[in-house]
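I would like the entire structure built from these sequences, with the hints used as guidance.
Given next are the chains, with one letter for each unit.
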Amino acid sequence: MSQTVPGEHRLEQNVEVSDMHNESHDWEDLFEQLPLDTSVSPSHQEALRTKVLQTFENNAARPLMTQRLKEIGHILMRHKAPHWTAAVILVIGFVWIAFSGGTSALALDEIINNFTNARTARFDMTVRVIGQPELKAKCFYLEPSFARQEQPNGLIMIFDLAAGKMIALNSKAKQATVINMVNLAEDTEGQMQINQFKATRDLLRKAVDDPNTDVESLGEKELNGRKVVGFHFKMPTQPMTIWADSDTKFPVQIESTMVGPPETHFVMSNYEFNVDLDESSFSTEIPEGFKITEMDMDVSNASEEDFIAALRIGSEKSDGQFPPGFDIPATATYMSSILVREGLGKDKKPSEAQMQQILKIGRGLQFALTLPPEADAHYAGATAKYGEKDQAIFWYKPDKSQTYRVVYGDLSVKESANAPEVQGAKKLSRK
Amino acid sequence: MTDSHLSNRSQSVGELVTLVRTDRDAFGQLFDRFYPLVFAYCVRRLLVRAVAEDVASEVFLKAATGIRAFMGTSEDEFRRWLFRIATNEINAQLRKSIRRRDLLEEAARMGVIKADVSTSLLNEDAVFDWQCLYAALGELTEREQSLISLRFFAGFQHGQIADVLQMKEGTVRVALSRALEKLRERLHVPDGSRRTPSGTERGGQ
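Going down the list, the protein sequences come from chains A and B. In terms of the numbering used here, the first sequence opens at residue 1 and continues consecutively. In terms of the numbering used here, the second sequence opens at residue 1 and continues consecutively.
Certain hints may be false.
Claimed, not checked - DSS-like cross-link-like pairs, simulated, lysine-lysine; straight-line CA separation at most 25 Å:
(1) A:K249 with B:K168
(2) A:K249 with B:K62
(3) B:K168 with A:K227
(4) B:K96 with A:K138
(5) A:K51 with B:K62
(6) B:K168 with B:K182
(7) A:K206 with B:K62
I should point out that these hints are in silico values taken from the structure, not numbers from a laboratory. These figures come from a predicted structure and were not determined experimentally.
If you want it as structure tokens, here you go:
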């Protein structure tokens, strides 16, 4: 400030605040002098009104969360009550929850609101995939869909899902990998589980809105010196347990399991919400001096064609062998062996062309991994080799189809009314 | 605002609040009533109109998203709920250094406070600058800033502030008094010099 005014004033020293009322009036008088135009801009108000009412309408389309929480309150009561008192408690529970608010349901209400309305979050994440080394990361989330992961080895990954972009920065080696996600659909984002915070939040929203979700109150316990309350959501594909601070009702730890395959356990802990995060730390601009490898990754749902392409590339690079199985350890072993055959390892990074082929294999194999149980998918390629035209290696029933699509060792595909009978064939089960 | 926004004006605000969780028109009418108040609160605290508009927008978008979790039934409860969201949003903005810088730059443009008001804070023929005041305010804790903002920028009484900040009313009185005392202390300038926002001192004229 550069004003220099004759007789410049300064506040009286040693002001005694003996009368709070007068004190308050003094400050009121002072702030009334604010030379501000506080009138609204009619055009801004009008535009905002339209947007706000649209948001209101969109929100109205969802079932009332409080209503759903009352229902969850019933379920909580049911789980806590012995059979012989269940009927009585349900009645009492209804009155209790509906008119005065049940402790469990209200706590859950606050916890979910706090979690779903957070604008930013910071937390630690541990991911365990059966048969794989444990992955740890410090994670950051910024609305609407930014995520940042910092791994202990110095690798930093930044995700801007709205822009369909991921980057990985290796500061030590000054290397950057940029992945442009192509064909990113709204629902793909959730399926990819890249932004774990957003994925968990979306899943929780769905769980609360779904009248079939079973929720169990786990009561109170101490977790790392904090008193926490717990709830277990029994969702079929990804059961989840939330532990929240008993006082603040903010989640402290969330544990979830993707039943898979592959079975994947997430533990997100040490949550801090609505913290001040520097937006620039979510920038996907590559710092100067980094060597950039850039590639496109098609993240649309993989097709049979992608699957065949993956088997073709994989078998070409594996002396004609197909994957030993279709779970994560088997596919990871298969991919690793391809990397070794390609001469890639700790010190040699793949070229862009090699990376594209690896991504193609991963994407194609995903087709088999994501087929629903009703597809009755089976794999019998573990002992087969590329070119065995009479050997059925994979079959499944497409959606609403009465016939099977059967893939043979030469990667030809034929329709069949019945599933082939092959010894050692394994059913692929996405639970 | 169009004429359609003024339909059902005969309904009291209290009645509108009872409908607001599920009634679009009620929400729209409460928006018309409270937007100017929330915007004024935001602009008094953030000073920059564009930032205040952004924050007020965020407040109402959050309100529209979370309205079904609102359990109040009176105008005062709705007002307190709305200003709780606004206070949180303002605090979130002020955690960003760029926003604090913008605020102080705007405060600098506002110049000096004329002392022709009835307050013991100013001398009769003296002036005082807004930048200094807002800088001093920014040095208080977030809770102290919220107390002062709700009291003097939103015109809330102690009981209302207590509800917004989820404190006891008695605690609000004491904490507000202490916050004002701290503000006075931070504005105290020894030896006829006036403190600049950066904390350095420069000579008076």
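For each hint, the structure was consulted:
With a C-alpha separation of about 19 Å, the suggested pair K249 of chain A and K168 of chain B falls inside the 25 Å cut-off, and the hint holds. Only pairs whose Cα atoms come within 25 Å are accepted, and K249 of chain A paired with K62 of chain B is accepted, the gap being roughly 19 Å. For the suggested pair K168 of chain B and K227 of chain A, the alpha carbons sit about 23 Å apart, so the restraint of at most 25 Å is met. The hinted pair formed by K96 of chain B and K138 of chain A meets the criterion: a straight-line CA distance of about 22 Å does not exceed 25 Å.
Only pairs whose Cα atoms come within 25 Å are accepted, and K51 of chain A paired with K62 of chain B is accepted, the gap being roughly 11 Å. Distance hint between K168 of chain B and K182 of chain B is fulfilled; the C-alpha atoms sit about 21 Å from each other, no more than 25 Å. For the suggested pair K206 of chain A and K62 of chain B, the alpha carbons sit about 19 Å apart, so the restraint of at most 25 Å is met.
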